[in-house]
Amino acid sequence: MRNPLQKRLLRELRDEAGKYAVIFILLVATIGFVSGFLVADSSMRITYDESFEKYNIEDGYFDVKKEMTQEQKAVLEKNEITIYENYFMEEELTNGSTLRIYADREDVDRGCLMEGHLPEQAGEIAIDRMYAENNKIAVGDTIGSADREWTVSGYVALSDYSSLFSDNNDSMFDAVKFGVAIVPKEDFDTFSKKTLHYRYAWTYGTEPVNETAENDRAEDLMKAMGKAVSLESFVPRYQNQAIIFTGNDMGSDKGMMTALLYMIIVILAFVFGITISNTITKEANTIGTLRASGYTRGELVRHYISMPLLVTLIGAVLGNILGYTVLEKVVCQMYYGSYSLTKYVTAWSGEAFWKTTVVPIIMMMIINLLILNHKMKVSPLKFIRRDLSRRKQKRAVRLGVMVPFFTRFRLRIIFQNMSNYAMLLVGIIFANLLLFFGLALPEVLDHYQDDIQQNMLSSYQYMLSVPVSVMSEESKIKSLISMLEFSKAVETDNESAEKFTAYSLNTTDDICDGEEILLYGIQKDSQYVPLDVSEGQVYISKGYADKHLLKAGHTITLKEKYKDDSYDFVVTGIYDYMGTLSLFINQDQLNEMFDLDQDYFSGYFSDTEITDINDKYIGSVVDLEALTKISRQLDVSMGSMMYLVDGFAILIFMVLIYLLSKIVIEKNGQSISMVKILGYGNGEISRLYIFSTSFMVVLFLLLSMVIDYYFMLVIFRQIMLESFSGWIEFHITAGIFIKMFILGIVTYAVVAVLEVRKIRKVPMDEALKNVE
Amino acid sequence: MFLEINNIKKSFGEAENRIEVLKGIDLSIDKGEFCVLLGPSGSGKSTLLNIIGGIDSSDEGYISIDGEKTGEMKEKKLTLYRRKHLGYIFQMYNLIPNLTIRENIEVGAYLSDKPLDIDDMLQTLGIYEHQHKLPNQLSGGQQQRTAIGRALIKNPDILLCDEPTGALDYNTSKGILKLIETVNQKYGNTVVMVTHNDAIKYMADQVVHLKDGTIRKSYHNENKIPAEELDW
Chain A
1 MRNPLQKRLL RELRDEAGKY AVIFILLVAT IGFVSGFLVA DSSMRITYDE SFEKYNIEDG
61 YFDVKKEMTQ EQKAVLEKNE ITIYENYFME EELTNGSTLR IYADREDVDR GCLMEGHLPE
121 QAGEIAIDRM YAENNKIAVG DTIGSADREW TVSGYVALSD YSSLFSDNND SMFDAVKFGV
181 AIVPKEDFDT FSKKTLHYRY AWTYGTEPVN ETAENDRAED LMKAMGKAVS LESFVPRYQN
241 QAIIFTGNDM GSDKGMMTAL LYMIIVILAF VFGITISNTI TKEANTIGTL RASGYTRGEL
301 VRHYISMPLL VTLIGAVLGN ILGYTVLEKV VCQMYYGSYS LTKYVTAWSG EAFWKTTVVP
361 IIMMMIINLL ILNHKMKVSP LKFIRRDLSR RKQKRAVRLG VMVPFFTRFR LRIIFQNMSN
421 YAMLLVGIIF ANLLLFFGLA LPEVLDHYQD DIQQNMLSSY QYMLSVPVSV MSEESKIKSL
481 ISMLEFSKAV ETDNESAEKF TAYSLNTTDD ICDGEEILLY GIQKDSQYVP LDVSEGQVYI
541 SKGYADKHLL KAGHTITLKE KYKDDSYDFV VTGIYDYMGT LSLFINQDQL NEMFDLDQDY
601 FSGYFSDTEI TDINDKYIGS VVDLEALTKI SRQLDVSMGS MMYLVDGFAI LIFMVLIYLL
661 SKIVIEKNGQ SISMVKILGY GNGEISRLYI FSTSFMVVLF LLLSMVIDYY FMLVIFRQIM
721 LESFSGWIEF HITAGIFIKM FILGIVTYAV VAVLEVRKIR KVPMDEALKN VE
Chain B
1001 MFLEINNIKK SFGEAENRIE VLKGIDLSID KGEFCVLLGP SGSGKSTLLN IIGGIDSSDE
1061 GYISIDGEKT GEMKEKKLTL YRRKHLGYIF QMYNLIPNLT IRENIEVGAY LSDKPLDIDD
1121 MLQTLGIYEH QHKLPNQLSG GQQQRTAIGR ALIKNPDILL CDEPTGALDY NTSKGILKLI
1181 ETVNQKYGNT VVMVTHNDAI KYMADQVVHL KDGTIRKSYH NENKIPAEEL DW
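Chains A and B supply the protein sequences, listed in that same order.
Using our numbering, you'd call the opening residue of the first sequence number 1 and step up by one each time.
Using our numbering, you'd call the opening residue of the second sequence number 1001 and step up by one each time.
Do not rely on the hints blindly, as some may be mistaken.
Unchecked claim - Label-pair ranges, simulated between beta-carbon atoms: (1) B/Gly1032 to A/Met418: 44 to 50 angstroms; (2) A/Met418 to B/Asp1119: 27 to 33 angstroms; (3) B/Phe1012 to A/Thr289: 32 to 38 angstroms; (4) B/Ser1112 to A/Arg297: 47 to 53 angstroms; (5) B/Asp1119 to A/Lys382: 32 to 38 angstroms; (6) A/Thr289 to B/Glu1075: 49 to 55 angstroms; (7) B/Pro1097 to A/Phe741: 33 to 39 angstroms; (8) B/Asp1169 to A/Lys382: 18 to 24 angstroms; (9) A/Val706 to B/Ser1112: 23 to 29 angstroms.
Said to hold, decoys possible - Straight-line C-alpha distance at most 20 angstroms; calculated EDC-like pairs for lysine to aspartate or glutamate: (10) B/Lys1074 to A/Asp387; (11) B/Lys1133 to A/Asp765; (12) B/Lys1217 to B/Glu1014.
In case anyone wonders, no lab produced these hints; they're calculated from the structure.
Built from N, CA and C at the ideal position, the CB exists for glycine as well.
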């Protein structure tokens, strides 16, 4: 026969509809969101991984000065590769952005039509979807530069630009100021040859078996190419950020999302545990009688655990349905907000099912089993006598008679509900952490942008682009000629220009291994970097010091990216510069260290624009726009998500406060009823019972801000370490704390109103029905 | 008349399940009088006490205390009425478990502008040395003394006692009854006590027998005896 006690479950659900509804909503929302995230992440990952074959993504590209001849191509293809023309031109559009335009490619790096139609005739253009959305360009709109105009026929996602990096050396892409597009081949052929960039893509005949083999293959290929053509750049796919950045970043938030789900499940499991403990206390006589009549402890444990498991199971099922339908699309939109991905198909994710259904149920079961087993260990007789304490009788904390009576009363309520309040503290810390993140991020990014603007090394920083031909090891004469040509072409008459040498090395420390550090070799009396860089003096940027936890006196070891050569530096001081992770030393010292010519330099600092150097020798211009790419991209990709985070935090906050303060009132139902009988008014009772919780909420809000601040420092640091090259300081103002406090109080006020109503509804006969 | 109970009727349930618990009760009790309501289970005595105490309402009739009718009072006024006039003692004490003995009595003291002295009350009740303990550290009799202290500390006009000795042994019950008697004599409160214990009628000024929601017998005790001499 089925345990007749189970018949209570539905009634319990009906009687406590409000309580279970809020738990259920929180469960469904969390499981739904995390399930949606995991499903979207896995679907996107599959889409991304499959795109390499589906759209025949290149294995690398190289740039040359002039169009290659068929003979040159044939020579190169002897290296078991297929070469494809991948020419492009760049147009400065009237909206201030740069559009890189390709011909519609059919053989390599094919595009995926996202909306509208592909350009079919002259004057039509299909532009990258994310760039279009960031710049609010609709299908059918007209875009143009000073010379040309196009009608946008559709949105596309180009498989070799899932992240819109305009320059492979950039630390972050900028999908607002840079976009890619395709035009019909016939139209592309009409572009002036002068404006074309001769880029060629290649694919291997047989794919390298692993990363090392791919690396070796690329190095061999570069040497072989160097013999045949004058290379301007050579970027194998594994180094091409526009292709690999998305794949590397995908799934980086999965751990955080799963942790968020488990944290909420643990909190809810404890809320259930506290609720069940209270029910057991209330039903102690009945439980004692049932146990005395022969019901086993296991039968009763199974009965009391049914409700949390049932609610979690239904929550997980519904959450997953929502996850696979609505929320998955929401999360995919977030992905589409960050990356220019091709069209995806929702894929079943076993991982999502395991993490959002099986694990939460197991967690709920384990936590509640532990609580229930502990609670149920009392003997039947003790249950009947309502003596559930397994410890020796508790002594009351002495409170002086001088303390006002109401204060003592409130303190007693706090002492009585310590476990509830402990749970509330954990919940508030957790909810506030989310809220903190949501509120702080925009401010952190704003501060970063302001700081960069105010502390730029110079208004313009030109990084010269040394042609690959200069590096040719095989043809020393060719290399020398190229070098001479280059040296002559990069001199400027601009009076504010100051030469510097830049050299990249990688970190070797445990904090963030393999991160690129830009070494600046600066002149002794530099007007842009006013540091004493006499021989042996080494300064590092504040961004570098903060990220890698370095101080003056520390020794740092940096190494070449693809070689084993390493270099030690003893830090003399920290230079207040957050723009890049950099190291500043004397220019002569740097040139000597890396066997560069004594007069060698690789760029200019300048306060005015340099106009007399050919663009082809300028690799990149580091200006405010370039330096703030990280913060702008973070703002674009995560800005909308922050509202979601804020809303979710408030929901958790509200639900937890509601549930736990409800438990406090339920636990004291009989006492409330009694003091009502004695003649206490609802206002007085509310002041007694609500004030205690209010006091704790305010205390916890303040406490959580301090705790969350330190948590946030750790989390933000971790995000910066794992997800970004570069460093953004976690800088916030007191305003964030005020906002958090106000939001917390307003949210609590809503709950408090509900609790006051609940106190009003406690019937006076409650005291007559139950015995203590 | 200080406490006037006029044609009180009360039913529970709906339609065919409707049970008339009180079928028109009329009763008058003088100030300072000790009235005992006797009767078997289901006779309506606790319901009558709850209606007098303003924690339940009648379907018909009214209760008047010192000329004030409770049925006409709104919730706020009813609360004030309980606050000003009534003290309650239950069979199961109903102490607030997380307050000490002293603090439980202070719960009552808070309601009065001129409460009695708490230390005196603790001494009178014989629980002075237990004042800093929690209720679950005390015996049933000591807990009931605390409940009496909580009801008396505000020196109410009427003390309503619902089976105050129902859960206590003989000796403890006698102690409690003596205490109520002392209080009644010392402070002059009107006492209305519901009990199953027939012996208690001998210490009362007025005895009311209830059965099936009606008063079967009501009389004034000409030869009441002190609680000390009661036996059952």
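Verification of the supplied hints:
| no. | hint | verdict |
| --- | --- | --- |
| 1 | B/Gly1032 to A/Met418: 44 to 50 angstroms | holds, 46 angstroms |
| 2 | A/Met418 to B/Asp1119: 27 to 33 angstroms | holds, 30 angstroms |
| 3 | B/Phe1012 to A/Thr289: 32 to 38 angstroms | violated, 26 angstroms |
| 4 | B/Ser1112 to A/Arg297: 47 to 53 angstroms | holds, 48 angstroms |
| 5 | B/Asp1119 to A/Lys382: 32 to 38 angstroms | holds, 35 angstroms |
| 6 | A/Thr289 to B/Glu1075: 49 to 55 angstroms | violated, 37 angstroms |
| 7 | B/Pro1097 to A/Phe741: 33 to 39 angstroms | holds, 34 angstroms |
| 8 | B/Asp1169 to A/Lys382: 18 to 24 angstroms | holds, 21 angstroms |
| 9 | A/Val706 to B/Ser1112: 23 to 29 angstroms | violated, 44 angstroms |
| 10 | B/Lys1074 to A/Asp387 | violated, 40 angstroms |
| 11 | B/Lys1133 to A/Asp765 | violated, 27 angstroms |
| 12 | B/Lys1217 to B/Glu1014 | violated, 30 angstroms |
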